[in-house]
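Going down the list, the sequences are from chains A and B.
For what it's worth, this note's numbering labels the leading residue of the first sequence as 39, then goes sequentially.
For what it's worth, this note's numbering labels the leading residue of the second sequence as 157, then goes sequentially.
Worth flagging that the hints you see were computed from the coordinates, not collected in a lab.
All of these numbers come straight from a predicted model, not from anything done at the bench.
The reader is advised that the hints may include incorrect statements.
Over the 10 Å line for every Cβ pair with chain B, so calculated as not near, a few chain A residues [what the hints assert, rightly or not]:
hint : residue
1    : V53
2    : L57
3    : S66
4    : E68
5    : S82
6    : E85
7    : E117
8    : V119
9    : T121
10   : P131
11   : E154
12   : D158
13   : A189
Short derived list, chain B residues pointing at chain A, Cβ under 8 Å [said to hold, decoys possible]:
hint : residue
14   : V196
15   : R198
16   : Y217
We put the beta carbon where it would ideally sit given N, CA and C, even for glycine.
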Amino acid sequence: MDITQNYFEFLGLPVAYQLDQQALSERSRELQKTLHPDRFAHLSDRERRLSVQYTAYLNEAVATLKHPLSRAQYLLHLEGVDTFSESSVQLDPMFLMQQMELRESVESVRDAADPEAEIDQLQSEVEAQMRELRGQFESFYEQATPSAFEAAATVVRKMQFIDKLGREVDALEDQLFDD
Amino acid sequence: MAYSEQVIDHYENPRNVGKMDDKDENVGTGMVGAPACGDVMRLQIKVSDEGIIEDAKFKTYGCGSAIASSSLVTEWVKGMSLDEAQDLKNTRIAEELALPPVKIHCSVLAEDAIKAAVADYKEKQDKK
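Make the full structure from the sequences, and use the hints.
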């Protein structure tokens, strides 16, 4: 095992946006087995420390690749484009306007005649937008030019807003119906 | 995270929350967002014929620091000229609200929002 490999290589998966989730969990289970602490009981401190390090790297790799947003961010990170830590960037005002409106509709769900229907509708909106953005990301990413990576980063930024919106809607749903 | 008293005050009693008609030619609208946290902020100013900001409104979906930063800015810019408003620095906002380093970006967002609002207003005037 080699933790200087990127997450995809480490898990024996192709470096691509399309991900075989089943292959991911199978590979992760195989690696976990070989890393199980009991197998290292007879080994030296150094080797045991390494096993802990590998396990941490494996968990990080699986968590990152599993979700479409963090996978997209990680792919861009491998290309030297950082979308994790930026705080303020120029964004399409129309997109922001639309986000504002969607957040306003989340806020007004409580007072709606049928909050459950409103939530369903918002959730399908989130899903539809995410699906659209995932498609856009993939086609930009596959072009693999610097300007296409920049365009892919813009798509990731939009995904981050939709992801946040989705989490807000889900949290509201929990609040309203699971008490 | 522990918020400062100033942040809590603005968060619990936000000033000037609301919306102005963005078609109004005396209104400038700034829309900004922070992808890292998914925050969205709208900040609007109403400008007199003499170029003085008469009123300001905001709406922010984000954390307490983002709400407090935009609330504070709407308070500050009332009575300012456009140039004064455009020169508003995020460091002043962060200082006033005692924002911790991890929340500095919220004050940057508010600075970007007022700049965008002024730019939007100027653009409207140029088109007249």
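Is the interface hint for V196/B satisfied, with its Cβ closer than 8 Å to some Cβ of chain A? holds, 5 Å
Minimum C-beta separation from S82/A to chain B exceeding 10 Å: can you confirm that? holds, 40 Å
Would you assess whether D158/A, listed as outside the interface, keeps its beta-carbon beyond 10 Å of every beta-carbon in chain B? The claim holds: D158/A sits with its nearest Cβ about 21 Å from chain B, beyond 10 Å.
So E68/A supposedly isn't at the interface. Is its beta-carbon more than 10 Å from every beta-carbon in chain B? holds, 34 Å
Checking a non-interface call: every C-beta of chain B should be farther than 10 Å from the C-beta of L57/A. Is that right? The assertion about L57/A holds, with a minimum of 22 Å to chain B.
Would you check whether the claim that E117/A is not at the interface survives, using Cβ distances to chain B and the 10 Å cut-off? E117/A is indeed farther than 10 Å from all Cβ atoms of chain B, at 17 Å.
Is it the case that E154/A keeps its Cβ farther than 10 Å from each residue Cβ in chain B? holds, 22 Å
Is the nearest Cβ of chain B still more than 10 Å from the Cβ of T121/A? violated, 7 Å
Given hint R198/B near chain A, where the shortest CB pair must fall under 8 Å: holds, 6 Å
Residue hint Y217/B, partner chain A, criterion CB-CB below 8 Å: At 4 Å from the nearest chain A Cβ, Y217/B passes the 8 Å test, so the hint holds.
Determine whether the non-interface label on P131/A survives the test: each CB of chain B must be over 10 Å from its CB. Check fails; 5 Å does not lie beyond 10 Å.
Does A189/A sit more than 10 Å from chain B, CB to CB? holds, 15 Å
Violated hints, listed in ascending order, are 9 and 10; each of the other numbered hints is respected by the structure.
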